[in-house]
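Colleague: Below, each chain spelled out in residue letters.
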Amino acid sequence: MRVKIYTTPVCPYCRMAKEFLTQRGVEFEEVNVQENRGAALEMIQKTGQNGVPVIEINNKIIVGFNQEKIIEALGL
Amino acid sequence: MNAEQLRAILERYAKSQGFQLNPDKKILDLIIQGLLQNEQKFGLRYCPCRAITSDPEQDKKIICPCVYHKDELKQMGHCHCGLFVAKK
Numbered sequence: 001m002r003v004k005i006y007t008t009p010v011c012p013y014c015r016m017a018k019e020f021l022t023q024r025g026v027e028f029e030e031v032n033v034q035e036n037r038g039a040a041l042e043m044i045q046k047t048g049q050n051g052v053p054v055i056e057i058n059n060k061i062i063v064g065f066n067q068e069k070i071i072e073a074l075g076l
Numbered sequence: 101m102n103a104e105q106l107r108a109i110l111e112r113y114a115k116s117q118g119f120q121l122n123p124d125k126k127i128l129d130l131i132i133q134g135l136l137q138n139e140q141k142f143g144l145r146y147c148p149c150r151a152i153t154s155d156p157e158q159d160k161k162i163i164c165p166c167v168y169h170k171d172e173l174k175q176m177g178h179c180h181c182g183l184f185v186a187k188k
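From first to last, the protein sequence lines stand for chains A and B.
Under the working numbering, the first residue of the first sequence is numbered 1, with each subsequent residue one higher.
Under the working numbering, the first residue of the second sequence is numbered 101, with each subsequent residue one higher.
By construction, these hints were calculated from the structure, which means they are not laboratory data.
Heads up, some of the hints might be wrong.
[Claimed, not checked] Distance ranges between label pairs, derived from CB positions: (1) A/Gln-45 / B/Pro-156: 18 to 26 Å; (2) A/Lys-46 / B/Arg-107: 31 to 39 Å; (3) A/Glu-72 / B/Gln-105: 36 to 44 Å; (4) A/Met-1 / B/Glu-104: 39 to 47 Å; (5) A/Glu-72 / B/Tyr-113: 16 to 24 Å; (6) B/Asp-171 / A/Pro-9: 25 to 33 Å; (7) B/Lys-170 / A/Gln-45: 20 to 28 Å; (8) A/Gly-75 / B/Lys-170: 31 to 39 Å; (9) A/Arg-15 / B/Ile-109: 23 to 31 Å.
[As the list claims (entries may be wrong)] Here are the simulated SDA-like pairs of lysine to any residue, each with C-alpha atoms no more than 20 Å apart in a straight line: (10) B/Lys-126 / B/Val-185; (11) B/Lys-125 / A/Arg-15; (12) A/Lys-46 / B/Ser-154.
[What the hints assert, rightly or not] Facing chain A, from chain B, some residues (calculated, C-beta under 7 Å): (13) Asn-102; (14) Leu-130; (15) Gly-134; (16) Leu-144; (17) Pro-148; (18) Cys-149; (19) Arg-150; (20) Ser-154; (21) Pro-156.
Each residue gets a CB set at the ideal place from its N, CA and C atoms; glycine is no exception.
Using the sequences and the hints given, assemble the complete structure.
Modeller: As structure tokens, then:
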């Protein structure tokens with residue numbers, strides 16, 4: 001399963017989303033959109049908005065820290 | 101500017117607009133810390149929960165209070181980052 005999370009370093013909901021994934025033993029790739037402008041533009045292109053966190057689970061995009069959608073996408 | 105000063109400014113703004121700051125102190129402190137870090141790093145108080153694109157026209161929209169916050173408050177009861185919440 002491929003899990004990617006777009007974050008900024010000081011976003012509370014990004015921290016919560018990462019803790020949520022870690023607590024469930026889900027490995028993920030983190031992309032800091034504040035340091036990586038290419039990734040920022042990629043995220044905006046994929047979602048049509050600029051807010052983080054954005055979580056991509058097997059190509060399914062979840063905007064914001066939505067626990068129900070994350071669980072569903074992970075198949076937990 | 102320190103966190104207390106910024107909190108006071110944001111509180112006055114929220115009150116003047118009929119909403120309030122997030123009562124969850126942990127979240128509020130993180131957002132204020134993020135705004136101050138962005139001000140220190142980029143010279144402007146960009147929302148800590150939005151991507152900075154380096155396009156000045158686009159990035160202007162995410163200077164706190166961002167252009168989206170009032171619509172988000174109406175739709176979700178809080179702005180995207182959770183700084184401002186609607187009064188109950």
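Colleague: With reference to the structure, classify each hint as holding or not holding.
Modeller: Status of each hint after checking the structure:
1. Checking the proposed 18 to 26 Å range against A/Gln-45 and B/Pro-156 shows it holds: the Cβ atoms sit about 19 Å from each other.
2. Checked against the hint of 31 to 39 Å, the pair A/Lys-46 and B/Arg-107 passes, with Cβ atoms roughly 34 Å apart.
3. Here the CB-CB span from A/Glu-72 to B/Gln-105 is close to 43 Å, well matched to the stated 36 to 44 Å.
4. Evaluation of the 39 to 47 Å hint for A/Met-1 and B/Glu-104 yields a pass: the beta carbon distance comes to about 44 Å.
5. Between A/Glu-72 and B/Tyr-113 the C-beta distance comes to about 37 Å, which lies outside the given range of 16 to 24 Å.
6. In this structure the supplied range 25 to 33 Å holds for B/Asp-171 paired with A/Pro-9, their Cβ-Cβ distance being about 26 Å.
7. Under the hint 20 to 28 Å, the C-beta atoms of B/Lys-170 and A/Gln-45, about 26 Å apart, fit the expected range.
8. In this structure the supplied range 31 to 39 Å holds for A/Gly-75 paired with B/Lys-170, their Cβ-Cβ distance being about 37 Å.
9. The given range of 23 to 31 Å is respected by A/Arg-15 and B/Ile-109, whose C-beta atoms sit roughly 24 Å from each other.
10. Using a Cα cut-off of 20 Å, the hinted pair B/Lys-126 and B/Val-185 holds, with the two alpha carbons roughly 14 Å apart.
11. Restraint check for B/Lys-125 and A/Arg-15: satisfied, since their Cα atoms lie roughly 15 Å apart, inside the 20 Å limit.
12. About 18 Å separates the Cα atoms of A/Lys-46 and B/Ser-154, which keeps this hinted pair within 20 Å; it holds.
13. At about 16 Å, the closest approach between the beta carbon of B/Asn-102 and any beta carbon in chain A exceeds 7 Å, and the interface hint on this residue is violated.
14. Checking B/Leu-130 against chain A: minimum C-beta separation of about 4 Å stays under 7 Å; hint holds.
15. A least Cβ separation of about 3 Å between B/Gly-134 and chain A falls short of the 7 Å threshold, and the interface hint therefore holds.
16. Annotation: interface hint on B/Leu-144 violated; nearest CB of chain A at approximately 13 Å, more than 7 Å.
17. A distance limit of 7 Å between C-beta atoms decides the matter here; for B/Pro-148 the minimum to chain A is near 4 Å, and the interface restraint holds.
18. The interface hint given for B/Cys-149 holds, since its Cβ lies 4 Å from the closest Cβ of chain A, which is under the 7 Å cut-off.
19. The beta carbon of B/Arg-150 comes within 5 Å of a beta carbon in chain A, closer than 7 Å, and the hint placing it at the interface holds.
20. Contact between B/Ser-154 and chain A, as hinted, is supported at the beta carbon level, the nearest pair being about 6 Å apart and thus within 7 Å.
21. Interface restraint check for B/Pro-156: the shortest CB-CB distance to chain A comes to about 13 Å, outside 7 Å, so the restraint is violated.
Comparing the model with each numbered hint stated earlier shows that hints 5, 13, 16 and 21 do not hold.
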